[in-house]
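Protein chains: 2
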Amino acid sequence: MQAARGGVGVLLVGPRVALHAELGKHAGSAALPIEVVEAADVIGMDEHASDVRSRKEASINVCTALVKEGRAAAAVSMGHSGATMASALLTLGRIKGVDRPAILTHLPAQGGFTTLLDVGANADVKAAYLAQWARLATVYLRVVEDRENPTVGLLSIGEEDHKGSALVVEAHGLLRAAHGQGVNFHGNVEGRDILRGTTDIVVTDGFTGNVVLKLAEGEAKVLFGWVREALGSTLKSKVGGLLVRGALRGLAERMDPSTYGASILLGVRGLTFIGHGSADARAVKNALLRAERAHEAQLVARLEAALAGETPQSV
Amino acid sequence: MQAARGGVGVLLVGPRVALHAELGKHAGSAALPIEVVEAADVIGMDEHASDVRSRKEASINVCTALVKEGRAAAAVSMGHSGATMASALLTLGRIKGVDRPAILTHLPAQGGFTTLLDVGANADVKAAYLAQWARLATVYLRVVEDRENPTVGLLSIGEEDHKGSALVVEAHGLLRAAHGQGVNFHGNVEGRDILRGTTDIVVTDGFTGNVVLKLAEGEAKVLFGWVREALGSTLKSKVGGLLVRGALRGLAERMDPSTYGASILLGVRGLTFIGHGSADARAVKNALLRAERAHEAQLVARLEAALAGETPQSV
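Respectively, the protein sequence lines represent chains H and E. Take the first sequence: its position 163, counting from 1, is numbered 610 in this note's numbering, and each next residue is one higher. Take the second sequence: its position 164, counting from 1, is numbered 611 in this note's numbering, and each next residue is one higher.
Careful, some of the hints might be misleading.
Any copy, or any two copies together, can satisfy a pair, since identical chains are not distinguished.
[As the list claims (entries may be wrong)] Distance condition first, Cα-Cα at most 27 Å in a straight line; then the derived DSSO-like pairs of lysine-lysine:
| no. | residue 1 | residue 2 |
| --- | --- | --- |
| 1 | 503 | 610 |
| 2 | 685 | 668 |
| 3 | 503 | 543 |
| 4 | 732 | 661 |
| 5 | 732 | 543 |
| 6 | 573 | 503 |
| 7 | 668 | 610 |
| 8 | 685 | 661 |
| 9 | 610 | 685 |
| 10 | 685 | 515 |
| 11 | 573 | 610 |
| 12 | 573 | 661 |
| 13 | 543 | 573 |
| 14 | 610 | 661 |
| 15 | 503 | 668 |
| 16 | 472 | 503 |
| 17 | 661 | 503 |
| 18 | 732 | 515 |
| 19 | 472 | 683 |
| 20 | 515 | 668 |
| 21 | 668 | 683 |
| 22 | 515 | 683 |
| 23 | 732 | 683 |
Hints in this document: simulated from the structure, not taken from any laboratory.
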């Protein structure tokens with residue numbers, strides 16, 4: 448409803464009766480551009496992603512089919528991440544030149560945010576994937592976030608070109624070769640560079656990226672908990688705590704993942720956004736606004752154009 | 448000098464004249480148990496770790512030789528990490544049953560600290576290494592840090608047994624098999640669990656571990672910088688900031704890597720500690736005290752006993 452009030456037309460996919468009942472609780476919902484689309488089945492959080500193959504009536508499959516048919520501009524899900532990825536890949540297919548789609552997300556960083564991918568779609572990767580993702584993320588930042596010529600860092604364990612795993616050293620060579628041709632390659636970056644914002648984009652495999660994402664979010668929570676604890680530790684700090692509360696609240700909001708709404712599955716032929724299962728209304732609204740921006744910027748067509756001419760590893 | 452005042456006998460390895468000149472600046476140093484050992488050469492931070500093979504007079508080689516000969520209980524270096532590892536491996540050799548030594552470090556966490564390894568010795572690993580490291584870290588925590596039956600988590604991208612990269616899934620099987628036999632295996636843990644302290648030990652490859660370490664340290668710095676910024680943003684928060692300064696200082700100290708002094712290279716036949724190049728006096732003192740504790744606990748002999756009967760992958 449928040450997004451619809453902002454002008455985004457929403458197709459709400461799920462059990463029609465329950466969704467209408469829910470909408471009915473909110474005054475004014477009938478006047479908003481919200482349409483309910485029936486989906487009798489849902490893939491639960493504890494079920495298998497591969498179920499999307501057989502359960503055509505599952506809400507996520509209905510969602511991605513709407514995108515495939517052109518009835519929806521984007522699929523946005525806060526449900527089963529694996530099922531969302533599988534359904535998007537199955538229904539929408541891959542962009543030519545992309546071996547594997549990757550999940551791209553944003554982390555708060557000095558000077559704004561750092562764009563990180565892959566944060567979990569591919570635990571095992573090839574060097575060529577990383578080079579393709581650098582291209583995809585560059586187009587994404589340029590057309591959706593208005594960043595001109597964004598810099599790309601390759602996550603490694605030393606800044607020198609030869610540092611890192613065998614995979615990373617190989618990817619470094621590919622990215623070096625791509626520099627100036629759709630990728631503004633900065634070189635290797637380290638864990639500390641992610642929140643420093645050394646580069647606009649950080650490319651890594653989906654295992655490391657997922658660990659980074661969960662560590663970064665988890666650490667922010669733990670540290671703010673400790674700050675709160677410290678502020679309550681003495682009478683003096685309690686009084687001071689009351690005075691600084693407003694200033695710290697702005698900071699907490701900045702660190703809140705829901706600011707960025709959802710991650711995008713980059714590399715499929717259709718817009719697909721994947722959010723946290725714990726997403727709140729603000730996160731859902733921001734995800735829908737971001738989806739609309741990506742659609743208006745013709746992101747998928749721009750990605751296809753940028754990757755045309757690339758030879759994927761596997762066909 | 449701080450450690451020597453605490454009763455640790457120190458062999459200071461380096462250019463004799465310069466070291467004596469430095470000691471001479473500090474009143475009372477002559478009465479402390481500090482002996483200077485000549486080493487004319489030093490492997491600089493921008494030189495190659497492999498130089499330890501040819502440059503026998505390099506300070507790190509003199510250091511590890513002192514350990515090998517039994518003249519020193521431990522080697523402690525805040526210099527070139529790669530050279531320290533290479534020199535220790537070359538001079539001291541591996542513990543039987545250990546394929547590759549790993550670097551173990553501690554990160555502040557809820558309830559104390561989390562022990563993480565490998566944080567950078569091995570960018571490319573085999574599953575068997577992770578299982579060996581779990582054993583080594585268990586012995587370390589038990590004998591040096593007095594933790595009874597410490598729990599071991601395997602870093603992955605989902606808590607379920609089958610989640611993760613092919614390597615992690617294989618390691619999971621090995622750790623599951625080792626459970627109850629020298630390893631108290633908790634199962635998979637995620638990035639967010641590291642600072643939550645879900646397990647005492649987190650085992651991972653040296654690539655992921657190094658990214659985690661540098662991200663965790665970097666994020667703490669960035670977040671505290673933002674807190675400081677927020678406290679200085681308005682007159683009200685400035686006044687409050689003065690009142691909470693003391694409380695936050697304790698927290699900053701807790702997050703300071705120098706609290707833990709240095710990391711230990713686990714798996715070589717002799718105590719070897721590797722610190723930050725940017726280590727301060729407190730870090731060096733704490734590293735020396737930790738080295739003494741490990742020596743008194745007969746760590747290397749305990750590790751050898753625990754790994755006896757293990758068949759390494761490579762010989």
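Hint by hint, here is what the structure shows:
1. 503 x 610: Cα proximity of residue 503 and residue 610: across copies only (25 Å, versus 46 Å in one copy).
2. 685 x 668: For residue 685 and residue 668, the Cα distance is within 27 Å both inside one copy (20 Å) and across copies (24 Å).
3. 503 x 543: Intra 25 Å, inter 56 Å, cutoff 27 Å: intra-copy only.
4. 732 x 661: Within one copy, since 22 Å is at most 27 Å while 33 Å is not.
5. 732 x 543: neither (31 Å within a copy, 58 Å between copies)
6. 573 x 503: neither (31 Å within a copy, 40 Å between copies)
7. 668 x 610: between (31 Å within a copy, 24 Å between copies)
8. 685 x 661: Neither, since 31 Å and 32 Å both go past 27 Å.
9. 610 x 685: neither (47 Å within a copy, 44 Å between copies)
10. 685 x 515: neither (56 Å within a copy, 55 Å between copies)
11. 573 x 610: both (17 Å within a copy, 19 Å between copies)
12. 573 x 661: both (23 Å within a copy, 24 Å between copies)
13. 543 x 573: within (17 Å within a copy, 34 Å between copies)
14. 610 x 661: This pair counts as both: shortest intra-copy Cα distance 24 Å, inter-copy 15 Å.
15. 503 x 668: neither (39 Å within a copy, 48 Å between copies)
16. 472 x 503: Close neither inside one copy (30 Å) nor across copies (79 Å); limit 27 Å.
17. 661 x 503: Answer is neither; intra-copy 32 Å and inter-copy 44 Å both fail.
18. 732 x 515: within (23 Å within a copy, 64 Å between copies)
19. 472 x 683: Classified as neither: same-chain Cα gap 46 Å, cross-chain 42 Å, threshold 27 Å.
20. 515 x 668: Intra 38 Å, inter 45 Å, cutoff 27 Å: neither.
21. 668 x 683: The answer is both: 24 Å in one copy and 25 Å across copies each meet 27 Å.
22. 515 x 683: neither (60 Å within a copy, 54 Å between copies)
23. 732 x 683: neither (40 Å within a copy, 33 Å between copies)
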